[in-house]
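Visitor: Below, each chain spelled out in residue letters.
Number of protein chains: 2
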Amino acid sequence: MNVNTHLQQMKSGYLFTEIVNRTKAYQEEHPDAEILRLGVGDITRPLPAPIVEAMHRAVEEMGQPDTFRGYGLENGYAWLRQAILDNEYTPRGIDLTLDEVFISDGAGSDLGNLSELFDVRNTVAVLDPSYPAYEDTTLMAGRPIVFLPCTVENNFVPELPKVRVDIIYLCYPNNPLGTVLTREQMAQWVRYARENKSIIIFDAAYEAFIQSPDIPHSIYEIPGAKEVAIEVCSYSKSAGFTGVRCGYTVVPKATGLQAMWLRRQCTKYNGTSYISQRGAMAAYTPEGKAAIRTNITYYQQTAQLLLNGLRQLGYEAYGGVHAPYIWCRVPQGYTSWSFFDLLLDRCQVVCTPGAGFGPSGEGYVRFSAFSKREDCIEALERMEQL
Amino acid sequence: MNVNTHLQQMKSGYLFTEIVNRTKAYQEEHPDAEILRLGVGDITRPLPAPIVEAMHRAVEEMGQPDTFRGYGLENGYAWLRQAILDNEYTPRGIDLTLDEVFISDGAGSDLGNLSELFDVRNTVAVLDPSYPAYEDTTLMAGRPIVFLPCTVENNFVPELPKVRVDIIYLCYPNNPLGTVLTREQMAQWVRYARENKSIIIFDAAYEAFIQSPDIPHSIYEIPGAKEVAIEVCSYSKSAGFTGVRCGYTVVPKATGLQAMWLRRQCTKYNGTSYISQRGAMAAYTPEGKAAIRTNITYYQQTAQLLLNGLRQLGYEAYGGVHAPYIWCRVPQGYTSWSFFDLLLDRCQVVCTPGAGFGPSGEGYVRFSAFSKREDCIEALERMEQL
Chain A
7 MNVNTHLQQM
17 KSGYLFTEIV
27 NRTKAYQEEH
37 PDAEILRLGV
47 GDITRPLPAP
57 IVEAMHRAVE
67 EMGQPDTFRG
77 YGLENGYAWL
87 RQAILDNEYT
97 PRGIDLTLDE
107 VFISDGAGSD
117 LGNLSELFDV
127 RNTVAVLDPS
137 YPAYEDTTLM
147 AGRPIVFLPC
157 TVENNFVPEL
167 PKVRVDIIYL
177 CYPNNPLGTV
187 LTREQMAQWV
197 RYARENKSII
207 IFDAAYEAFI
217 QSPDIPHSIY
227 EIPGAKEVAI
237 EVCSYSKSAG
247 FTGVRCGYTV
257 VPKATGLQAM
267 WLRRQCTKYN
277 GTSYISQRGA
287 MAAYTPEGKA
297 AIRTNITYYQ
307 QTAQLLLNGL
317 RQLGYEAYGG
327 VHAPYIWCRV
337 PQGYTSWSFF
347 DLLLDRCQVV
357 CTPGAGFGPS
367 GEGYVRFSAF
377 SKREDCIEAL
387 ERMEQL
Chain B
7 MNVNTHLQQM
17 KSGYLFTEIV
27 NRTKAYQEEH
37 PDAEILRLGV
47 GDITRPLPAP
57 IVEAMHRAVE
67 EMGQPDTFRG
77 YGLENGYAWL
87 RQAILDNEYT
97 PRGIDLTLDE
107 VFISDGAGSD
117 LGNLSELFDV
127 RNTVAVLDPS
137 YPAYEDTTLM
147 AGRPIVFLPC
157 TVENNFVPEL
167 PKVRVDIIYL
177 CYPNNPLGTV
187 LTREQMAQWV
197 RYARENKSII
207 IFDAAYEAFI
217 QSPDIPHSIY
227 EIPGAKEVAI
237 EVCSYSKSAG
247 FTGVRCGYTV
257 VPKATGLQAM
267 WLRRQCTKYN
277 GTSYISQRGA
287 MAAYTPEGKA
297 AIRTNITYYQ
307 QTAQLLLNGL
317 RQLGYEAYGG
327 VHAPYIWCRV
337 PQGYTSWSFF
347 DLLLDRCQVV
357 CTPGAGFGPS
367 GEGYVRFSAF
377 SKREDCIEAL
387 ERMEQL
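Same order as they appear, the protein sequences are chains A and B.
Residue numbers for the first sequence follow my numbering, beginning at 7 and rising by one.
Residue numbers for the second sequence follow my numbering, beginning at 7 and rising by one.
No copy is singled out in the list; a pair is fine if it fits within one copy or between any two copies.
Distance condition first, Cα-Cα at most 25 Å in a straight line; then the derived PhoX-like pairs of lysine-lysine:
#1 LYS17 <-> LYS30
#2 LYS203 <-> LYS232
#3 LYS30 <-> LYS378
#4 LYS17 <-> LYS259
#5 LYS30 <-> LYS259
Calculated from the structure, these hints are not laboratory results.
Based on the provided sequences and hints, a complete structural model is requested.
Guide: Following this line, the structure appears as structure tokens:
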């Protein structure tokens, strides 16, 4: 047997694992330190009551002979896919069919597994900085990669690739930058993809944070996008499902990829937990929607507080309006990892080093507004001392 | 963008989807027909009460600020991995470490995704007949495939490959044959893999059905297997988790693949539902174990009833002792799909056509003892009329 050398040769230390390890080592050396975690993008507020109640009912059903559910469809229960169309797409004038929506255990799996649809020689464009999984998935398959720098010079808006690329990962609202694309900026990408016969894998995990009616929530709001875009969506950051595991991906038939993705999922995936799907369904009830909105508003206010606080301390800080992330320049003389170590050592504050998101992330760190409000306030106070 | 032509060229109609479609078409034409489903290997008994209670508690925790859980480790909570070692491996004298156990959303995902560990030029051996995902996963990656026929002539025991192969999928107790391997037969495969530097992907989804102390439950009961085998396990067929989604896979460090699998999972998987993991944990309590044993015994008795019933009707039937499946020869003049259609049309009984499991499955159908007991009795009565 020969191993996949692309996978074997990857440098170890997935960004968030490395942060966990450094934080753990610090805590072990300083058992009394009260560490404030503003790093990993994990939500902190509990699940809304309507979702908890729906999952209790689902658990109860699973214990009764008449209501027990075994395998569901690999692409998810039709009632959840219908609710997604009715709530996420139809109101925005986007016309999709039930079989173009695929329920999964989360955006993380789909963003990785979708790459199986494509030839291994395809060239991939990845924003720099970006969520590490896009680059890592590309490297594991041995595909050539093109980085699209997002820097203060281009106002953190990536330029179209100068060479032709086959696959483009876009994430808006952006992680880690906290930026969004205007309708016209997004339309440029759709035009590029149509002209170059490229496919856009659009990560919409943070769409619930958009605060302006001018910013598209879905790439399918752009005419012509259905032929060239796959959209990956998540309940993790909206309904708080990071530990529940449920998301969905839209693969329009117009891409020519819907049947292939169905075949892939029917072979290598056995469907999403019935309990998780019932939880997701409750996100579309009036009570569920209201509770989720309350949580999002809370995180948005935390983001505002962090953004203002960092700026008052003299930091150059970006994002944090239509996204839960603040992208913050580190003081002169520091790298993003040395500033991470400084904050951990002197303030017991954990952030995310920008360099972990790509070369253009060097010189920045990311703060997450998913953190507890009181931790953010405390972190700003400690940083003021620094 | 170019598509993965291996995936694109695959014939459509995953076996179980095709069965569902034919059954649905029949039901629509005959709305009053009471169809008895002895086909798909899905369990029918509800979740045991101790598992239901544990999942209720987990759901409750998720709704409270102090006990809410977000992202877990990609390879699962340590308490579940420890319980797996303590209950499944240590009592059998198998020494593994916590980081060699990976919790997942089920064996289906792992059996598909594990293929990413290997070079695409590796040759793969697949039992014929077998669970379709092994072959389909291999074809999707464009790997050469060698079939190992299991026929009445070789007593349904596959011979070692005549050419060298890199990867070997073994499933014991076997789906669809219902057969097991003796310790010595399993040891032959471990020797083969060691001599040929091959890797065995051992699907142990049905180990709970083994009734004889002589039959190994885990391939690691064979000395030397840790260097050459990955073991994929499931709660689906033991604890009834087909709709809950939780399983685990053992990748020993001695295979040289453990770090690669961890890297893959940390990139393309975001961990298993906390609620599902709590459910799996309850499978190891004394109450959970007792309830699961009751269910397994029930299915074993159903298998016995089906096996005896089919033989009394004059069918050549195999398996059904250490496995929930009966492998049954179709009457002369029929193919496995024409016999499927006959049973559906004349008896309103759904079985699984053997040809769907590979060329050597032609001439056979599979009956599943996961079906309701009364459905099996009724099916045998209708078949007697036939």
